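S.K.: Okay, here's what each chain looks like letter by letter:
There are 8 protein chains.
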Amino acid sequence: MGFACVDHHRQIRRGLPEVIYCPGKTTEQIIKIFSNLAEKGNNVLATRAEENVFVSLVRTRKFRNVRYEKAAKAIVLEQKKIKSSKSVIPIVTAGTADLPIAAEAKVTAEIMGQRTKLICDVGVAGLHRLLGHTQQLQNANVIIVIAGMEGALASVVGGLVSCPVIAVPTSIGTGASFGGIAALLTMLNSCASGVTVVNIDNGFSAGVTAALINRKIEVKK
Amino acid sequence: MGFACVDHHRQIRRGLPEVIYCPGKTTEQIIKIFSNLAEKGNNVLATRAEENVFVSLVRTRKFRNVRYEKAAKAIVLEQKKIKSSKSVIPIVTAGTADLPIAAEAKVTAEIMGQRTKLICDVGVAGLHRLLGHTQQLQNANVIIVIAGMEGALASVVGGLVSCPVIAVPTSIGTGASFGGIAALLTMLNSCASGVTVVNIDNGFSAGVTAALINRKIEVKK
Amino acid sequence: MGFACVDHHRQIRRGLPEVIYCPGKTTEQIIKIFSNLAEKGNNVLATRAEENVFVSLVRTRKFRNVRYEKAAKAIVLEQKKIKSSKSVIPIVTAGTADLPIAAEAKVTAEIMGQRTKLICDVGVAGLHRLLGHTQQLQNANVIIVIAGMEGALASVVGGLVSCPVIAVPTSIGTGASFGGIAALLTMLNSCASGVTVVNIDNGFSAGVTAALINRKIEVKK
Amino acid sequence: MGFACVDHHRQIRRGLPEVIYCPGKTTEQIIKIFSNLAEKGNNVLATRAEENVFVSLVRTRKFRNVRYEKAAKAIVLEQKKIKSSKSVIPIVTAGTADLPIAAEAKVTAEIMGQRTKLICDVGVAGLHRLLGHTQQLQNANVIIVIAGMEGALASVVGGLVSCPVIAVPTSIGTGASFGGIAALLTMLNSCASGVTVVNIDNGFSAGVTAALINRKIEVKK
Amino acid sequence: MGFACVDHHRQIRRGLPEVIYCPGKTTEQIIKIFSNLAEKGNNVLATRAEENVFVSLVRTRKFRNVRYEKAAKAIVLEQKKIKSSKSVIPIVTAGTADLPIAAEAKVTAEIMGQRTKLICDVGVAGLHRLLGHTQQLQNANVIIVIAGMEGALASVVGGLVSCPVIAVPTSIGTGASFGGIAALLTMLNSCASGVTVVNIDNGFSAGVTAALINRKIEVKK
Amino acid sequence: MGFACVDHHRQIRRGLPEVIYCPGKTTEQIIKIFSNLAEKGNNVLATRAEENVFVSLVRTRKFRNVRYEKAAKAIVLEQKKIKSSKSVIPIVTAGTADLPIAAEAKVTAEIMGQRTKLICDVGVAGLHRLLGHTQQLQNANVIIVIAGMEGALASVVGGLVSCPVIAVPTSIGTGASFGGIAALLTMLNSCASGVTVVNIDNGFSAGVTAALINRKIEVKK
Amino acid sequence: MGFACVDHHRQIRRGLPEVIYCPGKTTEQIIKIFSNLAEKGNNVLATRAEENVFVSLVRTRKFRNVRYEKAAKAIVLEQKKIKSSKSVIPIVTAGTADLPIAAEAKVTAEIMGQRTKLICDVGVAGLHRLLGHTQQLQNANVIIVIAGMEGALASVVGGLVSCPVIAVPTSIGTGASFGGIAALLTMLNSCASGVTVVNIDNGFSAGVTAALINRKIEVKK
Amino acid sequence: MGFACVDHHRQIRRGLPEVIYCPGKTTEQIIKIFSNLAEKGNNVLATRAEENVFVSLVRTRKFRNVRYEKAAKAIVLEQKKIKSSKSVIPIVTAGTADLPIAAEAKVTAEIMGQRTKLICDVGVAGLHRLLGHTQQLQNANVIIVIAGMEGALASVVGGLVSCPVIAVPTSIGTGASFGGIAALLTMLNSCASGVTVVNIDNGFSAGVTAALINRKIEVKK
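Those protein sequences? They're chains A, B, C, D, E, F, G and H, same order as listed. Count the first sequence with my numbering and you get residues -17 to 203, in order. Count the second sequence with my numbering and you get residues -17 to 203, in order. Count the third sequence with my numbering and you get residues -17 to 203, in order. Count the fourth sequence with my numbering and you get residues -17 to 203, in order. Count the fifth sequence with my numbering and you get residues -17 to 203, in order. Count the sixth sequence with my numbering and you get residues -17 to 203, in order. Count the seventh sequence with my numbering and you get residues -17 to 203, in order. Count the eighth sequence with my numbering and you get residues -17 to 203, in order.
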């Protein structure tokens, strides 16, 4: 296509859905890549997509069942049936404003066959809200923790459980949160074992990694 | 003295002890300033003092009862009796390595007449250690929280109590702790109400501020 | 509510009003949280609220006496009578452009029962403007100092008084003020004793902390 | 112990060895904590330990079989038999200078029962060195990738496999590597799916997380 | 002209086209400089030009054959015939979103007489896409590599070839890409020999430098 | 006025015009301060003023001869005659895009009675443009040098003359110019003697300082 | 000399002493450059010189009257008589620890014929110490202000006087002073007119610039 | 060898000497790698080598003709005859303190067969020193420019010539030079065409790249 080198082996090799990261691409380019990917019959996920891109896709009338996940800003095309995981991946957020990132993690994990459970607005300044979910967290194979501002939630969750915790710093905050740097540093410096970190606001990467881990666990090698 | 402009009104005006911040001053300068301050019969505190400065001070044979607080790296001269506060200021640390900063806060608050209580090594990665002290924290008029690495302890303590919390980020940590920047940002971005922050490793400032607050409270206006 | 975990114990436990921090929340979410909080009969404060959120709240016709503090961008619902403090908390600003942050601190302290006094545009480049207020400042139990650009005002005020000073750096400034970082660093490095710092532009946090301190002082333990 | 709050539930709760992070602690403190932990019969790991701390430990004559892993700067006490994993965790480094961090990851994973395989000096500037290990990497359940300087190895490995990759930026490099910031940012921005990141030089955290993941996989839930 | 000091010797002295960097200049200023440069009969390139500037230029009816390269945001006036190079300069991009920068490099190199070949969307997370172009890259005299996010492509290309590689970090990315800083640092820290770096998004500078090098090679001294 | 503390002694004490820095002030506030200052019959300068503020000022019909300097975004009210300096202050810019900052410096110096001479677009990449002005520069009492991007012009000018050079970094540039940080650092690190620096884009401060210096020189003490 | 290109025209052209900046040069190189400069009979100043360099210079027995200014770490050779200025340049420091930088400014200004007056330890946290010097400051033609930590002294002095103020940030401070960055930013953002800034700890540059300004004033053009 | 994966194809594939970057490697590791590389009869260069490593190498008595370039901190083993280039690569430095980096560039270029010419101490604050070399610079095929502090030399040289300029920022400087960041940013933002940049202090990379370019030019394709 000139502007894009589509990688059809990727879905087989890595067990990933076909994914388009939309920022920096024109609507025209996105539609062409989307079409190219969809033709093989695979499931397709377009992340960080503005709603007008979705509208343009629908207008092509080429994609049945394509849908727009508004909170996540994701376009989803399910053409192949997705088999659900047995266990549930908790997606825990510190505040209501972290929801769009949680939604991106959720839609990503789900298109990879994972069941998820959103535990929302349980930041560390009111610990009892989080502690009420302790059992659910300790049952998980892997947990996604999403927090902006001081980002302390990942450490606290990490201290409660014995599974890996994927921490997503968000750009929520003002002043010295520096667009998520504060939360990022907090999470990188976590004293709790088993906490690893992805890029600021990168719900997608957290969703993929959590799914990769849980798949390995459920399909024991 | 040429190199220093000693401010004798300060003890009266601000109710502070005479204080010398040692870094960047020669031993000779410190001894001259110390002598000048001590002559008025006031209590004197020299912070961030190397032990050899203390030895040189002792050798002058001018100061009875001068002592060196090794953990705090502080030289203390008590010439005036200090009246003790009724309430106790908890000084809470996330880890063992934060102790020198806690010691500086402690010696500072004590020379200002405050009783203190050290609660050590109760970082957020093992919440139950902290939660065992909840009652003690909720009884306080003001609390000092000291933490390096991710610095999340201030937010968690702040969420448990209704008094002001003075947060001290420390330079303890490696890599992306950036000499205390990570903890500093965490504390500045705290979602918990009532948390204010002092400079990295500034146990002295936390001790002074906590003492100023508690004095005002005990000597109701 | 799914997207928010409202904490009704907080008002009792911490003596705080119910507070909603609006950025990152949709208008719909804010209204739902606001309604949920208001139902218990408590006072509610929504900070950083755009005027159109207020208009939407009014249109619900559910909240009598709700008002919009434009300078502070705060929505205030007073349902319970607030008892006024005896003493006054001075809120001092370096420049006219710092007023929105001062307004946020003011509305916050007031909903917590504090009387406040605004001392405006007394930056250090014209010291006589500040020195005229010395007596008023020395009478206070706690002072809020708000400054952008070089943020030097906190140190100068801190040197004049013997009470705690809560310093709020603001994002006012250009070039190397870096959105408030210059003022933040100035305040963190203050040589004056008793100065603690909150996040850039965080008038709310300054207002809460000043109120917590003054309450403790007036209601002597 | 005053200076430390040992958490004996942790080994049970989180399935972790007893761990002491040495920097900032005095030799005396380390020995006391080590003794306290060892008394319960558990395995103990002390990380970032200078060799003289080990010598002091040995001199106490209390710990049979304690050993010093020089490359990793780790003290290891194996009192309980460790059961070995079936699968092997590859630990891949970009350069020879990254070996100390790899050694820390290795000793950590091993005390948690994991078998490991070191693949050393396979940085991206000579791709054929890495590509020779492709099969081994694709067989793994989880991979640790360690790189300083530009840190690009994590992305390249991530693109070759379908398992989670734990990326460890190291402080190896000069000039604009900024003590590992360059590698850290590279890894956080990785385009390859499944890559998560730990703190600069934090081989310990990578080892723990990889072990937690592989345990979950081998002990299918 | 008062606001600009046009340098007509430059084209002769340095063998460069006349170039106008548009940001910060008013449309009126650009047109005057453009006219001044065009009068001498030389080729003119205006970079980072908004389309409305081009429209205003066309409306002057003074410039035949002036054209707008939309992807590159460049205005090109070819008045002198440009002689083509024998060899081709590969311009390699990591992703589709890097295309505007590639386009700027391309139009710049071409107005300096260089033939170019765009190799697009061959980022390191799918190595086989790049490796298919190995022969073409090894035949080149100089290569331009353009990448945002983690910017690792320059190192990988640099390791495959023995010619100089000019690396252009782009501002493509989110969160901790920090507007291109991550890619910039990656490229500056490249372990591959022969990699030099230009400013973030500076396709123009890469195009000029590649052209200067290839000219020297083709016109052997 | 509540929101502003106007300092009428300033014009006498410091020999400055009355100045209003507009950002962060409402139009209403600016008009009130402007009126208050103008009433005393002094000259008034409002910097960084949007054109609509000027329009609003004009509509009040209170200020004869008020004018808007568009390039400088300054409102100027000359009510008192300004006596001109004998010597001329050169204002040297590296590029055309630095003109707005030069214009601010110019209008500021002029309202303080200084004659100025703009030397524009003489950046170091084409030295002969600058060297043509050497004589003029060597005749000056003080020089203002304004440059963005790499900001090297201040060092080169500083090396040519024996008078003080006031360097103004500008935010002109892209990528790693970081909004003027690159130029700021260049200027702070200048090897040329006599170069001092003001804030990024602060033409006002450069104008004032140059005027203060030249006044002192012409009115020999 | 191969390693250095000595510029003998400089003393005439710029009216500067011969100056050697020592860091990064070997003792051997410094002695050769020093000898080369001294041969012409001019005065020579070597800054940031370790005492052992001075000892080595003395051992050559080539330089009569060479002396070492210990506080300033400067080597001074006065061969030509220096004519003293009529007016005095105040050098004001915030703290005792800023003295080495003040000493460098002083020795530099003096070798350029300026009389200086040190006003030491008058930081803004105790304003009355500074205000006692107001008259002396208001009589000056130019003032040097030296401060570390929060660096607020420059703004306060700048607000008291109508002459130019040269601000020198120092690296004195801990934690978030970041080696002088805090003071540098404070000074760059100063609201007081007439304040310009030199590099962190650059007493030399402040001394030169103050001397250049005062010379121009005393030798009215 | 376990700790290193030696790449013997590299010398053939990329026309590079065998190179060992020493930092982070133990002396024992360096000797083993050195021996392994030397056995094939190739030339070997070890950069950033402490002198004691060289002494240890000599003691093995395995390497005839191995020599230590002290200024460059490089160990050189020439076993194969190196054919000299016809043209000369100028290596230009701003100051004497930049010489170690220049020496590294020189030894690197020379082992790759390039003749070099050192032009030293010609920083921009004394332009006439540089301008005296104009002809020599304009004759070059490629130039290396090395500068610390403000790093402006690269732009000035770039403006004088029509060949590519490789700019090396050095860590020479104090305060706001931030270990070379100031010079790095200056060079990245250079307005002069044809300037590309390598890492701070990376004389090696500059030497390699200049050699690669000049080889291509002399062996016209």
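Everything labelled a hint here was simulated from the structure, so no lab data went into it. Predicted model only: the values in this text are computed from it and were never measured. Incorrect hints may have been included.
Claimed, not checked - With a cut-off of at most 27 angstroms between alpha-carbon atoms, the simulated DSS-like pairs for lysine-lysine come out as follows:
1) E:Lys44 / E:Lys68
2) H:Lys44 / G:Lys14
3) D:Lys99 / H:Lys14
4) F:Lys14 / C:Lys52
5) C:Lys14 / A:Lys52
6) E:Lys99 / A:Lys14
7) G:Lys99 / B:Lys14
8) D:Lys68 / B:Lys99
9) B:Lys62 / B:Lys52
10) D:Lys65 / D:Lys99
11) F:Lys99 / E:Lys14
12) A:Lys62 / A:Lys22
13) E:Lys14 / F:Lys52
14) F:Lys68 / G:Lys68
15) A:Lys99 / C:Lys14
16) C:Lys99 / C:Lys44
17) B:Lys44 / B:Lys62
18) D:Lys63 / D:Lys99
19) H:Lys44 / H:Lys62
20) B:Lys62 / B:Lys22
21) E:Lys52 / A:Lys14
22) H:Lys68 / E:Lys68
23) D:Lys14 / B:Lys52
24) H:Lys99 / G:Lys14
25) F:Lys14 / C:Lys99
26) D:Lys52 / H:Lys14
27) A:Lys62 / A:Lys14
28) D:Lys63 / D:Lys44
29) B:Lys52 / B:Lys63
30) F:Lys65 / F:Lys22
31) C:Lys68 / B:Lys68
32) B:Lys63 / B:Lys14
33) A:Lys68 / D:Lys68
34) E:Lys14 / E:Lys68
35) B:Lys14 / G:Lys52
36) F:Lys14 / F:Lys63
37) E:Lys22 / E:Lys62
What the hints assert, rightly or not - To spell it out: a stretch of chain B is covered by chain C in this simulated footprint if at least three of its residues, at any positions, have a beta carbon under 8 angstroms from a beta carbon of chain C; those stretches are:
38) 9 to 16
39) 142 to 154
Every residue gets a Cβ at the ideal spot worked out from N, C-alpha and C, and that includes glycine.
S.K.: What hints, given by number in increasing order, does this structure fail?
M.R.: 1, 2, 8, 16, 34, 38
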